[in-house]
Amino acid sequence: MNFLARQLITANSQFRFELLQNQLIETDENGLITAISQFENQEIDRELSGLVMPGLTNAHSHGYQIEMRGTADNPRNFRDWVNSYLYPTVEHFSESDMRKSLKLLFRLMLRNGITTLGEFHYFHHLQADDFRFDQIFLEEAKEAGIRIAFLQSAYDLGQREAQQKFHANADSFIRSLEQIENWMKAESLNSQWSLSTAPHSLHGCSPDLMRVAVDWAKSCNRRWHIHLAEQKSDLDFSQEKYGTSPLLALQKILHNQLDDLCCLVHACWLSNEEVDLFNQLHINLVYNPFTNMYLGDGITETNKMNFPVSKLSLGTDSNNAFNMFTEVKLLESLQRVKQLEMGQINSHYLLASITAFSEHILNLPVGRLEKGYFADFIEIDFESLTGKHAEECAVDEIINHLIFSGMDPSFIKTRFIGGREIK
Numbered sequence: 001m002n003f004l005a006r007q008l009i010t011a012n013s014q015f016r017f018e019l020l021q022n023q024l025i026e027t028d029e030n031g032l033i034t035a036i037s038q039f040e041n042q043e044i045d046r047e048l049s050g051l052v053m054p055g056l057t058n059a060h061s062h063g064y065q066i067e068m069r070g071t072a073d074n075p076r077n078f079r080d081w082v083n084s085y086l087y088p089t090v091e092h093f094s095e096s097d098m099r100k101s102l103k104l105l106f107r108l109m110l111r112n113g114i115t116t117l118g119e120f121h122y123f124h125h126l127q128a129d130d131f132r133f134d135q136i137f138l139e140e141a142k143e144a145g146i147r148i149a150f151l152q153s154a155y156d157l158g159q160r161e162a163q164q165k166f167h168a169n170a171d172s173f174i175r176s177l178e179q180i181e182n183w184m185k186a187e188s189l190n191s192q193w194s195l196s197t198a199p200h201s202l203h204g205c206s207p208d209l210m211r212v213a214v215d216w217a218k219s220c221n222r223r224w225h226i227h228l229a230e231q232k233s234d235l236d237f238s239q240e241k242y243g244t245s246p247l248l249a250l251q252k253i254l255h256n257q258l259d260d261l262c263c264l265v266h267a268c269w270l271s272n273e274e275v276d277l278f279n280q281l282h283i284n285l286v287y288n289p290f291t292n293m294y295l296g297d298g299i300t301e302t303n304k305m306n307f308p309v310s311k312l313s314l315g316t317d318s319n320n321a322f323n324m325f326t327e328v329k330l331l332e333s334l335q336r337v338k339q340l341e342m343g344q345i346n347s348h349y350l351l352a353s354i355t356a357f358s359e360h361i362l363n364l365p366v367g368r369l370e371k372g373y374f375a376d377f378i379e380i381d382f383e384s385l386t387g388k389h390a391e392e393c394a395v396d397e398i399i400n401h402l403i404f405s406g407m408d409p410s411f412i413k414t415r416f417i418g419g420r421e422i423k
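Residue 55 in the working numbering is what sits at position 55 of the sequence shown, and the numbering runs on without skipping anything.
Derived by calculation from the structure, the hints in this document are not laboratory data.
Just so you know, not all the hints are guaranteed correct.
[Claimed, not checked] Distance condition first, Cα-Cα at most 30 Å in a straight line; then the derived DSBU-like pairs of lysine-lysine:
{"#": "1", "residue 1": "Lys142", "residue 2": "Lys241"}
{"#": "2", "residue 1": "Lys142", "residue 2": "Lys232"}
{"#": "3", "residue 1": "Lys338", "residue 2": "Lys100"}
{"#": "4", "residue 1": "Lys388", "residue 2": "Lys142"}
{"#": "5", "residue 1": "Lys103", "residue 2": "Lys423"}
{"#": "6", "residue 1": "Lys423", "residue 2": "Lys100"}
{"#": "7", "residue 1": "Lys232", "residue 2": "Lys185"}
{"#": "8", "residue 1": "Lys371", "residue 2": "Lys338"}
{"#": "9", "residue 1": "Lys185", "residue 2": "Lys304"}
{"#": "10", "residue 1": "Lys142", "residue 2": "Lys338"}
{"#": "11", "residue 1": "Lys232", "residue 2": "Lys338"}
{"#": "12", "residue 1": "Lys329", "residue 2": "Lys241"}
{"#": "13", "residue 1": "Lys218", "residue 2": "Lys304"}
{"#": "14", "residue 1": "Lys218", "residue 2": "Lys252"}
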C-alpha cells in the first residue's frame, strides 16, 4: 500500500527527530517500508491528515500480571506483593484465565498506540514442564496483530509452588527456544517478530543457566534482557551470594564477557562504579517508571547514563497502565524531582525511548519510519491535542506537546502495523 502522510515526524540515524511534509510512504507485501519520498501526485491508497509518527514500543511486560489489577494494589511492600498476590495468582491461573488476560492486554496496548511489545516471558507452565503458556501467548498475540519481541526467560531457582511454573533446566530451555522458532517459521512470523533470551534475575536464575541463555542470544547476535538491581534488597542478596554488587556480580558470572548486547531491566540501585561500567560497555537500559513507583522500587539515575551510545527503552512491566507518553513524562519528571533541576534528558532521546532506540533493544527494525523498517505507525490528532497545526510548530515543541501536554489514546486517530490498520 501507498500512504500520503501530510505531516510525519521520525528520528534520523542520530536519534534527532525531524518533521517532514507531504511524504509518500510505500510499503511491500511483508509490511516493510520500501521508500519514503516527497509526494508528487502519485497514486495513493490512503491519505493521513494527522501527525504520523512511528508506532510506540513497549520494551518490558509480564502479560499475565494484568490480572492482578484491582486486587494487588495496596500490599505492605514488594515482598508482600509477590508472596500474597503474585504467587497465588500464578498457582491458580488456568488456560482460560491466560487467554482472557492476554486479549485484554493486547486490546489496551493497541488502543494506546503500542505496536511492538517486548514480552519478558517467565510464566511458562500450565502443568509441569509443558511450556503451555508460551504457546498461548504466541497464539493470542498473533490473533491480536501486535508485533512481538519474545524474550524467553530462564528461571530455575526458588522452591515455591508458583515458582515451579517458571522453571526450566538447560535442556528444556533450549528446547523451548527451538519450539518457539519452529512455530514462528510455521506461522510466517520469523521475519516479523524476534526471539531472544532473558535470564530472569540473579535470584531467579542460576549462573549455569544464565550462561546458557546469554550464550544462545550471543550466538544469534541478539540483545538479551535481565532484571537487575530493582529493589534495594537486591544489593544485600548480591553481596551475600556473590560478594559484590549486582552488575559486578553479573560480570563475574559471565566471566567478564558483558557487552552491548546486554539490556538491564530496572537498574534502580546501581553504584557509581556500576554506572561507569554500564557506560564503558555501552550496556542498555529498559526502564519502567510507573511500575518502579508503584512497587516502591526506587528511581534509576538515568541522568548519569551515556545515551544515545547506550540505548534506553521504556516498558509497562506489571501492566497497571499502558500510556507510553506518560511513561516518558515520568522518566523525565522523576529525574527532576531527584535532582531538583529541570531539563534532565534531551527531549529527542525521551521520545526515542518509546520509538527509535527500541530497534536495538528489541532486535527488530521498528521505531523509525524509513526504508527497510516495518510500516508500523500511528496517526495523531495533533490539532485537538494542542490547538495548533503541526506544521506551525518547531520539532522540539511537537515533542514537548506529545510528552507533557496530556497525550492519551483519545488523540490517536489510526494505528497501523505492517501497513495494515488495526482497529
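Hints violated by the structure (numbers, ascending): Structure breaks hints 1, 2, 3, 4, 7, 8, 9, 10, 12.
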